[in-house]
Amino acid sequence: MGLLNIKNLTFKYKDKEVFNKLNLNIRKGSFTTIFGNNNSGKTTLVKLIMGLETSTNIYFEDKMINQENRQKIGVVWSNPSVMFMGNTVLEEISFPNYNQKDVLSIASELNIANALNKSISELTENEEYLVALATALIRKPKLLIFDGTLANFSHRYLKSLTKKGITIINFTTDPDEILLGTYTIFLNEGKVYFQGSLNRILNNLNKLEEFFGMPFIIELSEKLMFYDLIDKPYTSMQRLINDLWIAE
Amino acid sequence: MDSRVIGIIDNKKYAEDIYLNVKLFFLETGCSLKKIKQSLILAGLDISILNKNYFELSSSEQTKIRIAKALLSKEVHLINPTKNIDSKSKQNLVKIIKLMKLRYNKSVVIISRDTDFLHQVADYIIVMIGDNIVTEGPKYKIFTDEELLKKYKIKMPTIIYFSKLVQKKKNINIGFRDDINDLMKDIYRYVRKGE
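First to last, the protein sequences are chains F and B.
If you read the first sequence in our numbering, its first letter stands for residue 1, the second for the next number, and so on.
If you read the second sequence in our numbering, its first letter stands for residue 249, the second for the next number, and so on.
Cut-off 30 Å, straight-line C-alpha distance, at most; resulting in silico cross-link-like pairs (DSSO-like, lysine-lysine):
id : chain 1 : residue 1 : chain 2 : residue 2
1  : B       : LYS346    : B       : LYS271
2  : B       : LYS282    : B       : LYS322
3  : B       : LYS399    : F       : LYS118
4  : B       : LYS331    : F       : LYS159
5  : B       : LYS401    : B       : LYS416
6  : F       : LYS28     : F       : LYS159
7  : F       : LYS223    : B       : LYS412
8  : F       : LYS140    : F       : LYS47
9  : B       : LYS300    : F       : LYS191
10 : B       : LYS417    : F       : LYS159
11 : F       : LYS16     : B       : LYS271
12 : B       : LYS416    : F       : LYS159
13 : B       : LYS331    : F       : LYS191
14 : B       : LYS322    : B       : LYS300
15 : F       : LYS72     : F       : LYS163
16 : B       : LYS401    : B       : LYS418
17 : F       : LYS118    : F       : LYS101
18 : B       : LYS403    : F       : LYS163
19 : B       : LYS398    : B       : LYS346
20 : B       : LYS282    : F       : LYS16
21 : B       : LYS338    : F       : LYS191
22 : F       : LYS16     : B       : LYS283
Going by beta-carbon spacing under 7 Å, a handful of chain F positions derived as facing chain B:
id : residue
23 : ASN38
24 : ASN39
25 : GLU125
26 : THR173
27 : PRO175
28 : GLY213
29 : LEU229
30 : ILE241
31 : TRP245
To be clear, the hints were calculated from the coordinates, so they are not data collected in a lab.
For clarity, every value in this text was computed on a predicted model and none was experimentally measured.
Even for Gly, the Cβ is constructed at its ideal location relative to N, Cα and C.
Can you make the complete structure from the sequences, with help from the hints?
Pasting the structure below:
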């Protein structure tokens with residue numbers, strides 16, 4: 001079964017219906033992109049998963065999600081400083097009671113060990129995101145969620161996290177990030193419009209482009225296909241360039 | 249005076265203005281309701297947003313009302329205008345900025361780290377660290393300088409990266425563009441020529 005399961009979720013925010021019987025499954029060990037335009041419900045979904053809004057239709061490891069199993073989920077929110085509670089970086093990462101050794105370990109991994117004594121208000125935007133990631137990772141999560149914040153971290157590092165067994169969900173509006181994950185779920189107006197692996201996406205571009213922007217390389221591929229310079233869409237720039245100029 | 253679009257890349261954090269309600273947020277500009285409504289529509293918002301409270305807004309709506317407010321000034325100042333907005337809205341924003349520059353002759357200053365976006369709309373780039381300008385120049389000069397970008401941890405615009413990769417892999421110079429359709433024409437011309 002999936003690591004995270006959403007079954008028939010219906011949710012209204014004030015008078016507006018955000019989700020109507022939404023069904024969504026996140027496979028364990030996957031790097032899933034949840035791609036949606038503005039107001040498709042992305043942030044609301046993160047809030048529901050993390051308990052900032054109530055729902056009974058969300059399951060984590062086959063059990064209904066609650067205060068306890070939520071401890072195994074880390075989130076990097078889009079406005080991390082709003083969530084910060086400590087005065088210094090050290091305080092923030094150790095909250096509520098992680099020991100110094102663990103804090104130093106994760107801070108070193110993220111290259112912010114020398115910022116531990118810095119005041120939260122002194123941090124650059126990039127440092128803020130690294131601190132936010134540190135606070136999420138120190139709890140050794142099984143699931144890591146990014147709410148529009150993936151661009152602040154190196155792809156190589158993120159892939160190393162999945163190799164360690166952490167399942168990643170990336171909520172985003174950036175089409176290029178579709179190329180990073182193993183699976184993409186397209187959300188439109190509170191419903192799953194389409195989902196699949198990169199290959200499946202490439203075979204359904206016409207259907208998707210009606211509502212969603214596409215990565216640069218795919219957009220370029222389509223234009224090249226129109227002029228008969230290539231015969232299929234590419235996801236790798238290197239391969240595209242290789243094949244395009246085969247005879248020099 | 250030639251109007252132009254200046255992009256500023258810096259590492260500062262910007263506190264965002266918040267007001268209790270959206271109408272108040274706009275009335276501060278001193279513009280007529282008619283102009284405010286026009287600006288909202290340009291920014292891709294429904295005029296009913298005027299009746300909402302700031303905290304009811306989604307993150308993309310918060311960004312868009314700031315864009316709408318900035319459009320009402322003679323000199324348009326935008327701070328992180330692509331934060332939390334989707335690709336269709338971004339395309340719309342590119343059009344609006346070009347409109348401001350070419351049709352309304354307004355000067356536009358954009359502070360952003362979104363280099364793909366800046367490359368599409370800006371003419372000139374200024375890079376700042378804290379309050380200091382560390383380098384500046386026409387956008388093609390800045391965005392094609394690999395060492396500079398690496399030094400200041402600035403992401404090279406994808407469309408420039410593509411041309412660079414062609415140069416490296418095939419030793420062919422197809423030139424640098426800011427629009428994918430123009431790039432397409434360059435590629436087509438070159439590949440056809442080589443046949």
